[in-house]
Structures are given as C-alpha cells and as structure tokens.
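Engineer: Starting from the known structure of chain A, arrange chains B and C on it as the hints suggest.
Protein chains in written order, with our numbering: chain A, 3 to 165; chain B, 131 to 895; chain C, 16 to 280.
I should point out that these hints are in silico values taken from the structure, not numbers from a laboratory.
Think of the CB as a built atom: it goes at the ideal place given N, C-alpha and C, for glycine as much as any other residue.
Please note: incorrect hints may appear among the correct ones.
[To be verified] A few chain B residues that don't get close to chain A, going by computed Cβ distances all over 12 Å:
| no. | residue |
| --- | --- |
| 1 | R138 |
| 2 | A314 |
| 3 | K433 |
| 4 | A450 |
| 5 | R521 |
| 6 | G620 |
| 7 | R735 |
| 8 | G790 |
[To be verified] Here are the computed distance ranges between Cβ atoms for each label pair:
| no. | chain 1 | residue 1 | chain 2 | residue 2 | range |
| --- | --- | --- | --- | --- | --- |
| 9 | B | E718 | A | Q104 | 40 to 50 Å |
| 10 | A | A14 | B | R254 | 34 to 44 Å |
| 11 | C | E241 | B | E279 | 55 to 65 Å |
| 12 | A | E126 | B | R829 | 20 to 30 Å |
| 13 | B | T825 | A | Q104 | 16 to 26 Å |
| 14 | C | P274 | A | D94 | 47 to 57 Å |
| 15 | A | A14 | B | T825 | 38 to 48 Å |
| 16 | A | T18 | B | R254 | 25 to 35 Å |
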Amino acid sequence: MSAGTDATGKVAIDVTVNGRPVSTAIPVQETAAEFLRDRLGLTGTKVSCDMQVCGACSVLVDNVPISACTYLAVDLAGRTVRTVEGLATGDDLSALQRAFLQRYAYQCGFCTSGFLMMATSLLERNPHPTEEQVVEYLDGNICRCTGYRPIVDAILDVAAESS
Amino acid sequence: MTSRREFRVVGRAVPRVDGRAKVTGAAKYTVDLAEPGMLHAAVARSTRAHGRLLGVDTSAALAVPGVMCAVTGADLRGLRPFYGHIITDHPVMAIDKVRFVGEPICVVVARDARTAHQAADLVRADYQDLRPMVSVADALAADAPEIHEHAYSGGGGVFWETLPESVVGNIAHQTDFGWGDVDAAFDQADVVVQTESTYPMLYAYAMEPYCAIASYTAGTLRVTSSTQHPFMVRQELAKIFQLPLAAVQVRAPYVGGGYGSKSWTKVEPLAAVASWKAGQPVRLVLSIEESILTTRTDAGDVKVRTGFDRDGRILARDFAIDFNTGAYADSSPSILDKAVHRCFGPYRIPNLRVRARLVYTTTVPASSYRGFGAPQTNLAGEYNIDLAAQRLRLPADELRRRNLVPPGGQLMPDRRGLDADLAADLTLAKQALSERPGNRIDESHETWHGSAIACSASDAGAYPASIVSVTVLSDGSVRVATGAVEMGQGSATALSQIVAEELSVDFDDVHIVQSDTAASPLERTTNASRTTTIVGLAAQDACRQVQLRLREMAAENWQCPQGEIDIRDGFVSAPGHDKLPYRDVVDEWFGPGAGEVTATGVVRRVGELAAMPPFWEIGMVGVDIAVDPTTGSLTVDHLVTVGDVGFAVNPQATKAQELGAATQGMGGALMEELLYDDTELTNPNVVDYRVPRSTDMPRRWTPLLAERRDGVGPYGAKGIGEGSLNPVGAAVCSALAAATNRWPERVRLPLTPERVWRWIGDDEP
Amino acid sequence: MITEAFRHSRPVTLPDAVALLGEDSTPYAGGTELIAAMKLGLVVPEHLVDLKRIPELCKISVTEHELVIGSGCTHDQVARSETVLDVFPMLAALTGQIGNTRVRTQGTIGGNLCFADPRSDLATGLVAARATVDVLGPRGGRLIPVQELILGPLATSIEPDELVTSVRVDLRDLDFQEYQRVAPKERPIVGVCVVGRLSGWRMVVGAATYQPVWLDADSPDELSTERLLAGVDLMSDSDASAEYRRHLVDVLAARIVQPLIGPRR
Chain A
3 MSAGTDATGK
13 VAIDVTVNGR
23 PVSTAIPVQE
33 TAAEFLRDRL
43 GLTGTKVSCD
53 MQVCGACSVL
63 VDNVPISACT
73 YLAVDLAGRT
83 VRTVEGLATG
93 DDLSALQRAF
103 LQRYAYQCGF
113 CTSGFLMMAT
123 SLLERNPHPT
133 EEQVVEYLDG
143 NICRCTGYRP
153 IVDAILDVAA
163 ESS
Chain B
131 MTSRREFRVV
141 GRAVPRVDGR
151 AKVTGAAKYT
161 VDLAEPGMLH
171 AAVARSTRAH
181 GRLLGVDTSA
191 ALAVPGVMCA
201 VTGADLRGLR
211 PFYGHIITDH
221 PVMAIDKVRF
231 VGEPICVVVA
241 RDARTAHQAA
251 DLVRADYQDL
261 RPMVSVADAL
271 AADAPEIHEH
281 AYSGGGGVFW
291 ETLPESVVGN
301 IAHQTDFGWG
311 DVDAAFDQAD
321 VVVQTESTYP
331 MLYAYAMEPY
341 CAIASYTAGT
351 LRVTSSTQHP
361 FMVRQELAKI
371 FQLPLAAVQV
381 RAPYVGGGYG
391 SKSWTKVEPL
401 AAVASWKAGQ
411 PVRLVLSIEE
421 SILTTRTDAG
431 DVKVRTGFDR
441 DGRILARDFA
451 IDFNTGAYAD
461 SSPSILDKAV
471 HRCFGPYRIP
481 NLRVRARLVY
491 TTTVPASSYR
501 GFGAPQTNLA
511 GEYNIDLAAQ
521 RLRLPADELR
531 RRNLVPPGGQ
541 LMPDRRGLDA
551 DLAADLTLAK
561 QALSERPGNR
571 IDESHETWHG
581 SAIACSASDA
591 GAYPASIVSV
601 TVLSDGSVRV
611 ATGAVEMGQG
621 SATALSQIVA
631 EELSVDFDDV
641 HIVQSDTAAS
651 PLERTTNASR
661 TTTIVGLAAQ
671 DACRQVQLRL
681 REMAAENWQC
691 PQGEIDIRDG
701 FVSAPGHDKL
711 PYRDVVDEWF
721 GPGAGEVTAT
731 GVVRRVGELA
741 AMPPFWEIGM
751 VGVDIAVDPT
761 TGSLTVDHLV
771 TVGDVGFAVN
781 PQATKAQELG
791 AATQGMGGAL
801 MEELLYDDTE
811 LTNPNVVDYR
821 VPRSTDMPRR
831 WTPLLAERRD
841 GVGPYGAKGI
851 GEGSLNPVGA
861 AVCSALAAAT
871 NRWPERVRLP
881 LTPERVWRWI
891 GDDEP
Chain C
16 MITEAFRHSR
26 PVTLPDAVAL
36 LGEDSTPYAG
46 GTELIAAMKL
56 GLVVPEHLVD
66 LKRIPELCKI
76 SVTEHELVIG
86 SGCTHDQVAR
96 SETVLDVFPM
106 LAALTGQIGN
116 TRVRTQGTIG
126 GNLCFADPRS
136 DLATGLVAAR
146 ATVDVLGPRG
156 GRLIPVQELI
166 LGPLATSIEP
176 DELVTSVRVD
186 LRDLDFQEYQ
196 RVAPKERPIV
206 GVCVVGRLSG
216 WRMVVGAATY
226 QPVWLDADSP
236 DELSTERLLA
246 GVDLMSDSDA
256 SAEYRRHLVD
266 VLAARIVQPL
276 IGPRR
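In isolation and in its complexed conformation, chain A is listed as follows:
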C-alpha cells in the first residue's frame, strides 16, 4: 500500500497534534520538525544538532519520545503528536512547567521544550523515578546553559509532589 501522492507530488496525512486533528498534504521528504515548525507554526519545538543527539526537537508520538529532526512527517499519519505547546491547559501550566519556572530550569530556553517533553514522557512511564533514573533518561538532551542540576531538581520536585 503506497502513500497516495497528489498531483503536486505531495502526500496526504491525517494526524492529531496537541489534541487537534490536522489534515494536510506535505512533501514526502519533510521531517516531523519541519512539519511542526514551518507548516503548523508550532515553533516551540526547536532544531539544534539536527542529528538526534541534542534533544531540542524531542516530541511525543503516541506517547513515545522521538527526535522530530530525524523522523518523517509522513510517518506521523494516523498518530497523535504532543509538543510543548500542548502541555498547558489554557493558562494553566503543567506541573513540570511550573517546576521549571520555580527552579530556574532554563536560561536561554532553546533546549527547554525538549527537556519538558522528555520529562513529561518519563513521569508518564515512571511517576517516581530516582535521581539516577532522571539523569539517565535525560542523557540524550543537551543543555549548554544550566549545568542540568536545576532541570533534574525540577523533575524530582514534581515526582515528589505527586507521591
């Protein structure tokens, strides 16, 4: 079963992004990062290294964290995607977002959305991780500003809050 291309060579996909259905036609070579940022205007997800090692582009696809820079947008078809823009409910920030604010778990902010998405996925699979588990889980996310300590502390705060 091939993906259907339309007359302009684009592929039609249906995907749910932050709870909202999106139907559109995209070039087959578009990455998930390009789709989210350039096509949908969701620029919260960032591209830095562009080779899966920095984590700035981390998003959740069917609750699994992936590197959007190295994932085809066409592979999002039929799936649910969550980005940083979907963490808050209206004006109410998520517990992780509030903890990041409290702990100053950011400085320049460019890595922040990636860390928030990874942290969200960690706490969904393991609501009470040890510090070592938090540190290991975040090993694929680079922060050049903070030295990581405040980020780890923010996540542990949320884990402690919920127990």
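Structural biologist: Chains B and C only, in chain A's frame:
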C-alpha cells in the same frame, strides 16, 4: 553583610520575566521568525584550506527552479565588503582567496530552504592551492606563505590599549607586557618552576545556530539576528553598505545561547548581501556544522616559569603565549590582550614578563568565548602554582595565601585596586571542599581521589559606558529600554528588579523591551559579565532622572517648591497634599492618559568608574575528583564555586550562571576539543565534539556566594558569569596530579579518559 | 534536510512488505540511521518501505526453548520487556544502554543489526549469545547466525529483497551472561560480552573491532583476550587509539571473568 530585608525586590529570586515564554514554547528566536515575502538562503563553502579563488561557477545553481539569485565575492564590488571591529580583515565571503575549509564562497537565494540547499550543493569553484597551515608552528615556519598578504585599516575600536600593528607574516597581533627585571629576579630565586600547557580549540555550542533575517530596501537595511551585540553589528553593516547608522536597524529577539560566540558580526552580512541582491527579505539559518565552521575559540600554548624565594613568595613570572586564531582576527586581538592580563593570576608579582602572539592559521576563525583569554592562560599559571607547591612542600592553598593580592591591593599598575577578598574566598572554597558527606567509592574497582582549588581575577566589564531609558506610562506601568541582550543569563530580570526597586513599583509592572537598535538606546555589547553592574548603574540613574521629572511635574501641579516634594515607596507627596501614585502626577501634568515620563540614565567612565577595570571578576573553583586508573575515567565528585559577586541582585540566577560557567569549564577540561587534520576539522558536529551531558554532572555542587558589597555596581554588585569557568581547567589538572601523585611539566586539555590513562602511565600528552 | 523526493510505502503485512523489496527499495523502521544518512545526502533512496505498521514484527515471545524478538521491536521495548528481563536479562541491560533515550525508543533491533555499524553494542551481545536471525525473502525463509549476518562495517549478507524478521536466542542451557562497555561519547569504543552455557563459553569483543570477534572455550578461565584478538585489527580514531582500546578489552574482560575464576595464579 546587610539583611535582605533592606530591599523589596533586589536580592531575591523573583520569577524570571522570560520564564513563561520559554516553558510554553512561546519565546521566539530568530530561527522561529519569518517575514512576508521572505526568501531563503544557503551557503556554498570552500573545500580548500588555503588558495586563490580563481572563479565561482553558479550556473548550475541558478538553473534550479525556484532559485532567485546567487551572490559571490565578485558581486560585492559596489560595497565595502569587509568587517572586523579591530582588524577589518574579514570579507563578507571569499573574494580572491580562501583561507579555511568552510569559508563561504557563495550565498544562494531561493523560494524555500530546501531548494536553496540543493542549489548551493551545485556551486563549483576553481582554486589555485596554497599551502595549508593549521598549526601555529606551520604558520610561523620560515617559508610559510602569508595568509593575509596586505595590511588592513583598523576597525576603529576605541577601547583597546594597544592597537594591533599591521600584520607581520602570519602574526595578527603581538604584545609584550610586564614590569620589573625578570631575569635578575630569576637569578635570585631559590626555586624556579617551569611548565607548559595546551588548551584546545573549542566550540561554544550555542544551541540556536547562527541565523539572520535581512531586508534591504531603498537604502535601508533591517536585520533580525541571534546576536549579542546588535549595535556593533549595525555599525559594521552600515560600513559595508555605506549607509548612515540611522538607516540600519538590527534587533535581537530571544537568543538561544551566546557565551561570547555571538559577539560582534557573524552571518548578518551574508544575509544582508543576499537580500540586497534579491530585493526581498532573506532568512539564512546555519546548521550546527556550519556554525562550527563560522567561529571557534582561540587555542593556546603557554610556557610559564615562576621564581620563588624559599618561603614561597613569588619573585618573578615569565609567560610565553601563542594563540592559534584561525583565518580572521575577529575579537581575538583583544582576547590576546586580556589573556596577557589574566595569565599571571591575582598575586603580588614584583617582576613580570609576558610575551604573546596571536597567529593566523588556515582554520576556522576564532573569536570570543566565556573567559575571554583567561581559561587558556589560567590553566598554565595555576597549574604552575600547584606544581610549585609540591616542590616547595607547601599546601597549595597556603602557597596561594602567601602571594594573593589583598583587598585594595594592586594586580596591575594603573588599574583599579582589587575589589575582592580572595583569601576569604579561598577559605570558603577550602572549607566547603573538605566537608565530604556521601563521598562514594565504587566497590567494584579501586578509584583514586584528589582535590584542588584554583583561582583567577579578570579585568572584566569591558567599558563602563551605557545608556538606559525608563518610562513611566500613563497607567503607572514602567517600560525599560536597553540595548542589553537577554541570552539566558537573566539580564532582563535583573534590570527589571533594579528598576522596580529604585522606583518602588511592583516587579510585575516593569516591562523590558528586547534589544533593538531602532527602539533601545545604544549598548555596545552584552559581554564581559558587565550587564548587571554597568547597565544596572545606568538603569539606576534613569530611575533617578525619572523621579526628578516627577518632582518637577508635582511641583508644578501643586504650585510648590521642588524641595517640598517627597518621593518614596512609589508615591509622590508634599505638605498639604495626599500622596499620589506616579500615574496621577503624570495625568495631572499632561491631561488624563495623555502623557508619560521618560528619562535616560547614563554611565560614563568618570568618578567611581574612572578606574579600569570597572570591576575584577573573580574565579575561585574547587574540585574533588575520582579517577578509575584502569580506564582513565574521571568523575567530579564535588564542585565548589565561589561567586564573589558583591551583591546578588538575583541570587538564584547568579548561582545558575555559576554552574553553567563551571560546566562549560568542565567541558573544556574533560571532553571538548575541535580536531584538525592537515587541512580541515575532523569533528565538526556535536556527536564527535562532546559537550557535558546530564550524566557528567558533578555528584555534588556547592554554590557559595560572597556578598561583601565591595563592587562599584548597584548595591555593591560586581559582574559574574565567566569567573567560575576560568580556573576549572587548572583545578582539574591539579586534582588529577594529586590523585595520581604524578605532576608532569606539560599538561594538555581535554583530559579525556585516554589522556588520563596515559598521564598515569607516564606518557607524553 | 532531505532534498530529494522518494516513493513511500507503508505495508501492514509481512508478505506485502517482502513484495515491495528489491534493488530500488529500502526498508526502514526507526530511521535513526537511514533518515540521518538521507539528511546528509549520503544515501538517496528511490523508494522507502516503512515497516513500523507490521504488528508481527514487533512481538516478543518465548517458545519452548527460544526467545524470539521481532526485528521491528525498539531497543526500549526489549529493555523493558518482562519476558526478556525474565529469560535473558543481559539483553535488556544491553539494549537499555544503546545511544540515548530517543535512539532507544525509535531505533529497532533489526535496524541496528542490518545497518552493521561496527561501533554497536547489540551485535556484540547477540553474537555472544549465538543468536540467529530469521531472514525472509521472495524465495522463502532461512535462519542464519548473527555472526554470519554481519560481514563487516556496514555490510550484511542479506540480499536487497530480503528482510530480517526476528532474532532468536536459544535459552536451553543459557547461564552466565554479562556485557560491559566503554562509551565516552554516543557510541561505544569497546564492548566485551561473555555468555556461558553448559555447552560452552563464548567471549566476544565488538565496537573496538571492525566486526564482532569471538572465542569459544570450555570454561571461563580459557577465555583469553590474547587468543581472541591475535591477528585482529583494532580500530583507531580520534575517539580512541587502538592501543587504548586493546587495554580496555583486557580491563573489561577481567572485570567479567576474574570473579568467575578467582585470584590469578
């Protein structure tokens, strides 16, 4: 030490003003921005390290559908296509010569980025190869060809004490510094200790790559850029395009990291000439690999000799410094000048000689990075002190105590006296380091442990000039306009805190405008740890000026002498008049909702700011390390940083900067290194260039702040942000020497596991 | 970015997938290697075949004597599988260290093996376990040992129209199992794996060598790194010299084997 209750807003960890935008993904960086009708650019780059550029063939690129135009060096004849604020040696793109692999040779403009990149891959060039020279030794060989074959006119920099001489061979700049008679002093010395060190080429890795959006129309140029110095960029663009400053606008939205690497001009001219040729706005976004090919840090080889008397007092220090600065000078002549001041440490030194050279090579151009010449040379100076302590059979901290300059003492002639108590800082660090709860020893194999403390004092702050504008709006809220750039360090929050404090308004009512040359008063630079101190003083002055205006207005409103007006706690009053908030005074003076009060605060190099540097930036870092001798793996068990900050406007933000700086320092100490083969970088990506990750965190971090109110800045503040990086390399080297009981005379960073293994096994670094 | 367009297919059954394979088509799942290579322009495929929607490739099961892992299982799936933790815990520990968290949640066992990067953890562990792979093609299915699948750096023995569908590990006399690695950066510079069965012991070195190399012996004290690496070239690059890698092989092998054989004679 004064109680925090003295202040309402400063001295506290208030919610950062940029926080919500950053945790919701709403913060826009240059990479996120677009303009209507915007085109996209991609850069074609030299594949040669050194050569004459005989021609660039863009025909295949131009044939790709969707390509609008291509710009090469040959197209820039109508402009003054060079920049470089000290030595104007840097062409917008290669014109007749290429000087490093990766140098831009063409910028292609297309309707979308994919097309631009496809087309840029089709650009071809003809070169006549010249000898590549990637090392200082290569570039200084007797028969080495000149990388720059003629001298350049200066960039017009005002603040450098020694303007670079015209280029001699491949030496971009050289300087001799010191005092006394070093040779005679060495003859008298009881102990002479000689060491050498090598500090690698590093990549700052700001996670937002270089990017700029430029729009050139009808003699005006508008640029949005991920830059720390919009005003300096404006100056250089104005020169390139021969436009008045007022016709050039440069603004910086949120900046995704800088650390000095986004100081001064980088990719803005490329974006600007693309727009100039295309006639439409153009966005240029580099990849991280391209960003690595845009700028790196100076690598430094340093030889040092120190002569001591039998009691461990320094009689003389003699330094020879060579910096490998790459193909263009950028800010490196200044970095060399600072390195020369920062190599010998905060000690009483009766006789000093420093000879330093900044050498061009056919490599990626080096420019500023956190520390600005201190990390490269502090490694040499401080490790030498620790080795000397071994030879003198003194504890290292005791040797330092016998030599540290006291508060008020002289570090260099004709400079501000030391505005810090280093002995007290050293005591703080040592006490913290020796408390060792939870020091883990891995049961499965033996580990060796060692610790060290290293220190630094940098003539930081750049230049004490700043202008800040403060406006009380008709609803009583306050707008602060500053050219300072918020790149994560927390400047927007700190300045807002200062204004809220000075005007006695709610912190939430203060709003800061992002740096924009069309909307902010001039701020030359955001660097050198200067913003809280220098810009903070200007902000305080602006608040005083606002209150003077309010006093005048109230006096007129109430028809009473100005001397009777009292302004306190955010209210204006006079005998016989109820106190009014600012907005009511303004409303009455202008008419309801019809006006606002703006005042400008100015800082200049006068009075308390006459002495240079505006402040000494202190570094005092201690590390406890554990080494696995079988693998060479080194972990930092305990990191102690002392932030000698005078007064922490926001203590949490201050500590955050301390850890960030020390972490970058550890990266340089343990893992970061750009590697060159004979012609090009072999690891221009962040997989093969390894930066610290979460798993590299020290097991324990003790952040200490020393707030002795001894700085010239607001409430006694001084600058921080670089101090805790500078001594990390030496501290780690010395801790490793202590752990292994081997003190080689040559040390080299980074201390990767393999290098540590070889250190233990007695091999040359 | 990926500049060239390509055809894209998304089969939901194995027979459909096999029918789409051939010289001009490239199967992929996580894409952690393929998409990365396409972005760099190193690979320009005409036709991509996405295997992620084929349920039978993503199953983990135990037959009477074998652990069977679908080639489309992600490393993360294997690392957290109760089944794997129960019958072959070393493999869970090993896959739990590959790359970083997202490489593990995106990347698959099959993708890793078929890419045949010499600096791999998985091949080392599976060769030590004497694992086999099911290979399916238009001409039918066959079973080959992992050590015969991997021919060298980035080279495997399967044809362009064949697919690795699962990995099998014989559990019958599986006893001792340990993997140790050194990885200063993303990918390991050395990996040593020892698997002891009643029928024999095997020590494998990977990541330091151009492909996994192994030594079989009757008992652990016969597992000599000197014999194992005699005549074998070790890799040398800016991450680690051959000399350092050679030293680390000894260190890791000793850490695994010394506790089994007691103090040195």
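Engineer: What hint numbers does the structure not satisfy?
Structural biologist: Checked against the structure, the hints that fail are numbers 6, 8 and 16, while the rest are satisfied.
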